[in-house]
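Participant: Quick note, the sequences are listed as chains Z and X, same order.
With positions in the first sequence counted from 1, the corresponding number in my numbering is that position plus 364.
With positions in the second sequence counted from 1, the corresponding number in my numbering is that position plus 243.
Treat the hints with care, since some could be wrong.
According to the in silico footprint, chain X covers these stretches of chain Z (three or more CB under 8 Å from chain X) [said to hold, decoys possible]:
hint : region
1    : 423-433
2    : 436-449
3    : 454-463
Think about it this way: if two alpha-carbon atoms lie no more than 25 Å apart in a straight line, the pair counts; the simulated SDA-like pairs of lysine to any residue are [stated by the list, open to error]:
hint : chain 1 : residue 1 : chain 2 : residue 2
4    : Z       : 394       : X       : 308
5    : Z       : 394       : X       : 293
6    : X       : 270       : Z       : 404
7    : X       : 270       : Z       : 428
8    : X       : 270       : Z       : 462
9    : X       : 270       : Z       : 466
The set of hints was computed from the structure by calculation and includes no laboratory data.
By construction, the Cβ of each residue, glycine as well, lies at the ideal position given by its N, Cα and C atoms.
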Amino acid sequence: MWIIDVVIAVCVLTGALLMVTSALAMFRAKDALSRINVFSPATGLGMPLVVAGCFIYTLRSEGFSVYRLLIAIVAFLSLIIVSSIASNTLSRSTVVAGSPVHRYTRPNRLVEPLRLAEDTEEPQSGAGSQENGQTPVPPETDQPG
Amino acid sequence: MSIVFWIAIILFALAIAIALLRVATAKDLGSRAIIGDLVYFSAVGILTMIAMLADLSIMLDVIFLSSLLGILSTIALSRILTRGYR
Chain Z
365 MWIIDVVIAV CVLTGALLMV TSALAMFRAK DALSRINVFS PATGLGMPLV VAGCFIYTLR
425 SEGFSVYRLL IAIVAFLSLI IVSSIASNTL SRSTVVAGSP VHRYTRPNRL VEPLRLAEDT
485 EEPQSGAGSQ ENGQTPVPPE TDQPG
Chain X
244 MSIVFWIAII LFALAIAIAL LRVATAKDLG SRAIIGDLVY FSAVGILTMI AMLADLSIML
304 DVIFLSSLLG ILSTIALSRI LTRGYR
């Protein structure tokens, strides 16, 4: 049974070490967007590993249960999905609030909006000229709106 | 087996200490918001480790509820950052 103990220990300690790594990476990241980016290993890999270790521990101590399996799966998936949505919302509001972006952040299209606009106008105009033959779709969507 | 959980608790506490030190030295509000999120998840990890040390049967429920509701604080902080503008 010591193999199960080793698996639990590896899962839990890796999760805790990933959390410490993210906390240390907050010092190395230069701006808020990079800090939100380096936070994702903690919730995307660290906490799901803790959930996995916890579920294996309950398997060993209390036996199998469908309820616990369901809760563990939901917690595993929601840690990945929900924290990603939260990070996306927070980074979007950070950009909208006018937080500065460091020059070491790459690819850094947020501080070069003019060049990005030039890059995106050409494919859009080309795609629009190609889709001119397919334009009956937008008027149909405009009528119910 | 319990020494593993104690080591994990120490690591989570170390993460919280480092994150609070970073909050004290950060200048912009977005960094403080995301570091608050890091402190939240580290606290959830500490609670889980304590539940596993004490053989409580609610250890998975703690992670379940906190992972589902952890989005609320981040979204509230992001709304505060933009002064209510979506």
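Participant: Of the numbered hints stated earlier in the document, which are not met by this structure?
Facilitator: Numbers 4, 5, 7, in rising order.
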